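2 protein chains.
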Amino acid sequence: MDYYSRQISELIEELSKLPGVGNKSAQRLAFYLINRPMEDVQKLSDTIIGARKNVRYCKQCWTLTDQELCPICSNPKRDRTTIMVVEDTRDLAAYEKIGKYEGVYHVLHGAISPMLGVGPGDIKLKELMVRLQGDVREVIIATNSSLEGETTAMYISKLIKPTGIKVSRIASGVPVGGDLEYIDEVTLLRALEGRVEL
Amino acid sequence: MDYYSRQISELIEELSKLPGVGNKSAQRLAFYLINRPMEDVQKLSDTIIGARKNVRYCKQCWTLTDQELCPICSNPKRDRTTIMVVEDTRDLAAYEKIGKYEGVYHVLHGAISPMLGVGPGDIKLKELMVRLQGDVREVIIATNSSLEGETTAMYISKLIKPTGIKVSRIASGVPVGGDLEYIDEVTLLRALEGRVEL
Numbered sequence: 000m001d002y003y004s005r006q007i008s009e010l011i012e013e014l015s016k017l018p019g020v021g022n023k024s025a026q027r028l029a030f031y032l033i034n035r036p037m038e039d040v041q042k043l044s045d046t047i048i049g050a051r052k053n054v055r056y057c058k059q060c061w062t063l064t065d066q067e068l069c070p071i072c073s074n075p076k077r078d079r080t081t082i083m084v085v086e087d088t089r090d091l092a093a094y095e096k097i098g099k100y101e102g103v104y105h106v107l108h109g110a111i112s113p114m115l116g117v118g119p120g121d122i123k124l125k126e127l128m129v130r131l132q133g134d135v136r137e138v139i140i141a142t143n144s145s146l147e148g149e150t151t152a153m154y155i156s157k158l159i160k161p162t163g164i165k166v167s168r169i170a171s172g173v174p175v176g177g178d179l180e181y182i183d184e185v186t187l188l189r190a191l192e193g194r195v196e197l
Numbered sequence: 000m001d002y003y004s005r006q007i008s009e010l011i012e013e014l015s016k017l018p019g020v021g022n023k024s025a026q027r028l029a030f031y032l033i034n035r036p037m038e039d040v041q042k043l044s045d046t047i048i049g050a051r052k053n054v055r056y057c058k059q060c061w062t063l064t065d066q067e068l069c070p071i072c073s074n075p076k077r078d079r080t081t082i083m084v085v086e087d088t089r090d091l092a093a094y095e096k097i098g099k100y101e102g103v104y105h106v107l108h109g110a111i112s113p114m115l116g117v118g119p120g121d122i123k124l125k126e127l128m129v130r131l132q133g134d135v136r137e138v139i140i141a142t143n144s145s146l147e148g149e150t151t152a153m154y155i156s157k158l159i160k161p162t163g164i165k166v167s168r169i170a171s172g173v174p175v176g177g178d179l180e181y182i183d184e185v186t187l188l189r190a191l192e193g194r195v196e197l
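Here the protein sequences come in this chain order: L and G.
Quick note on numbering that gives the first Met the number 0: the first sequence kicks off at 0 and runs consecutively.
Quick note on numbering that gives the first Met the number 0: the second sequence kicks off at 0 and runs consecutively.
Simulated from the structure, these hints should not be mistaken for lab results.
Here the structure is a predicted model, which means the values were calculated and not measured.
Some hints could be false.
Which copy is meant is left open, so a pair is good if it fits within one copy or across any two.
With a straight-line cut-off of 20 Å between C-alpha atoms, the simulated EDC-like cross-links for lysine to aspartate or glutamate are [stated by the list, open to error]:
{"no.": "1", "residue 1": "23", "residue 2": "147"}
{"no.": "2", "residue 1": "52", "residue 2": "12"}
{"no.": "3", "residue 1": "42", "residue 2": "13"}
{"no.": "4", "residue 1": "125", "residue 2": "149"}
{"no.": "5", "residue 1": "165", "residue 2": "137"}
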């Protein structure tokens with residue numbers, strides 16, 4: 000990229016390392032940033048550095064947070080006897096957006112994947128088992144409906160069953176508003192198997 | 000976004016101000032950055048601040064550069080008697096990528112748009128006219144093929160004609176590899192009008 004001067008090329012290169020940012024978007028972002036007021040750019044930079052420095056795992060549910068305990072774990076109104084197990088912090092956010100779930104969470108930071116060499120020891124599973132020694136009535140497994148998510152769900156369920164704690168899995172089937180015609184076969188089969196009496 | 004702790008929410012908010020970055024992508028970027036090694040994040044931040052601080056206009060062609068003169072204007076091999084006029088630095092880069100153009104550039108930083116209230120005084124047009132007092136043989140107008148680009152091209156051409164300097168416009172027509180069936184009518188008409196004898 001010697002048609003751009005060095006600092007512009009470097010900025011484009013750094014930005015194109017970001018996920019989902021190709022060379023074209025990186026150029027667009029670079030020129031956008033170069034043309035912004037200095038204080039805006041400084042604020043972006045400070046926010047990135049600040050978050051990177053201070054964000055850590057919640058010592059209870061292992062989500063990412065800037066305090067020792069995340070806003071959910073430190074909320075006395077949440078039901079600590081129900082734990083929803085999710086793969087990452089964004090999955091937690093997806094459920095929190097609905098605002099209907101009143102229990103707490105446990106963030107695994109991944110899913111078991113023999114293909115990618117991710118074993119049970121590579122996700123926050125031991126940490127979940129430790130939490131189950133407290134007063135827990137139900138563990139809701141809300142890992143993704145992918146091969147890895149399902150494998151992880153099966154694994155966790157087998158692990159918890161002997162403790163006598165109720166284990167459930169979020170339902171899998173046709174999404175609301177989904178047109179049967181466009182839904183894949185596995186989902187259709189799953190929806191059939193999981194049919195509920197009316 | 001109170002399901003994320005403050006610093007994470009702030010980071011997502013800052014990132015979603017970037018062009019082409021929606022809330023979902025901002026979340027993805029935020030968690031990516033939080034999980035990167037500190038030195039990578041520091042380097043990104045430093046590169047942004049550095050570029051913002053040091054990048055300015057080339058005092059000759061007005062492209063963005065971190066030196067007084069851009070790499071093209073300071074290259075003695077470039078033909079200073081041919082000036083290609085483009086709307087922005089990325090358009091310059093698009094032509095430089097091909098590596099066939101040997102002249103220099105002039106970056107307008109915009110195009111005349113009565114709709115958006117951008118007049119001839121709002122783009123680097125006066126600066127172009129000053130350059131034309133030197134030894135210039137041809138001005139190639141390579142503004143976009145949009146309404147604004149065409150208006151700007153017409154305006155510049157009328158301004159330069161009296162000086163006796165040759166003014167040309169890059170060709171407009173069916174893109175190479177383009178399937179006639181999918182090309183819009185205006186382009187088809189333009190291609191017909193601009194037909195070349197074989």
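Tell me the hint numbers this structure goes against, listed in increasing order. 1
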